[in-house]
Amino acid sequence: MRRRNAKAVHTTTTTTPSKPTNSALASSSPLPEPFDNTPASAFQSSGSTDACPKFISNLLSNPTFKSCYPLSMMLQSSTGFFQAEKSLLSIVRVLDATCKADSSSCATFLDQAATNLTMAGNCKTEVEQNQTLVLQAYDGLVAYKTLYAATCLQDPSSSQYCFANAVTNLNTPSDAYLYFLPYGLALPGSSNPSCSWCTQQTMDIYYSASADRSSPVAGVYQAAARQVNTLCGPNYVNGTLPPASSGVIAVRPAIYTTTLAALCATLVILVSAL
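Letter by letter, the sequence shown follows residues 1 to 274 in the UniProt record's numbering.
Some clues are possibly wrong.
Claimed, not checked - Here are the computed distance ranges between Cβ atoms for each label pair:
#1 L231 to K124: 39 to 45 Å
#2 Q222 to K100: 31 to 37 Å
#3 T108 to A244: 19 to 25 Å
#4 G121 to N169: 43 to 49 Å
Since the hints were made in silico from the structure, they are not lab data.
We put the CB at the ideal spot given by N, CA and C, even for glycine.
Go ahead and model the full structure; you've got the sequences and the hints to work with.
This is the structure in structure tokens:
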């Protein structure tokens, strides 16, 4: 009997590389940084030396500064942070990084940096000339402790960061305005913050911070509290300032405050529209 030739059958499997998911891209992309699209020379006033740009560059590259990863230095200055606010996953990743820092030691470091910034030989000339970017940097330093407490606050009912919900929830876009109060920027009259646990607790953080009358939030807290109480009911939040612990109420230069308030409003509107 003749044996039939058996032909081997070869099977070829083709594998198509999978595209990275949005989650993978978000988790692998670099974290936002302060003043990421701002050259050092932009911190120099006309006619002054390069001392201020050098001070800012040294500060931003300082290992302690980087370990603190202060969100307060990015909220007004970082393009990467603005992009991160468009995605819940991305902004939570940023918050996880900033909230793991030792806020007590970081506040001490950043407060000293704010003092150093205003000294002759650093950025005193720019501060006296109301140089916008330098004032942004200064306000970001002094607002650290208050904004750390506010942005790291988590709603116990959802275990979600209040800040993350504020900047990504299109149903309550006005909640994002609350996070500009620590810079001394007034709550826009047309805004309608939600009557929520997060709003109450965030305003309570600002109430406590206002005991330091030199804190920028002390100058805008009462007006914001009146606005919230008008929407949510009398005494929903503390309507007056707490007993003063130190200092006098800080007053920002009028032109700077007005211009920056308009900028912040524009940024929040853009975020909520995406």
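Now the hints, each set against the structure:
Judged by the Cβ atoms, the range 39 to 45 Å given for L231 and K124 holds: they are separated by roughly 42 Å. Between Q222 and K100 the C-beta distance comes to about 33 Å, which sits within the given range of 31 to 37 Å. T108 and A244 have their C-beta atoms about 22 Å apart, which keeps the hinted 19 to 25 Å range intact. Evaluation of the 43 to 49 Å hint for G121 and N169 yields a pass: the beta carbon distance comes to about 45 Å.
This entry satisfies every hint, going by the numbered hints stated previously.
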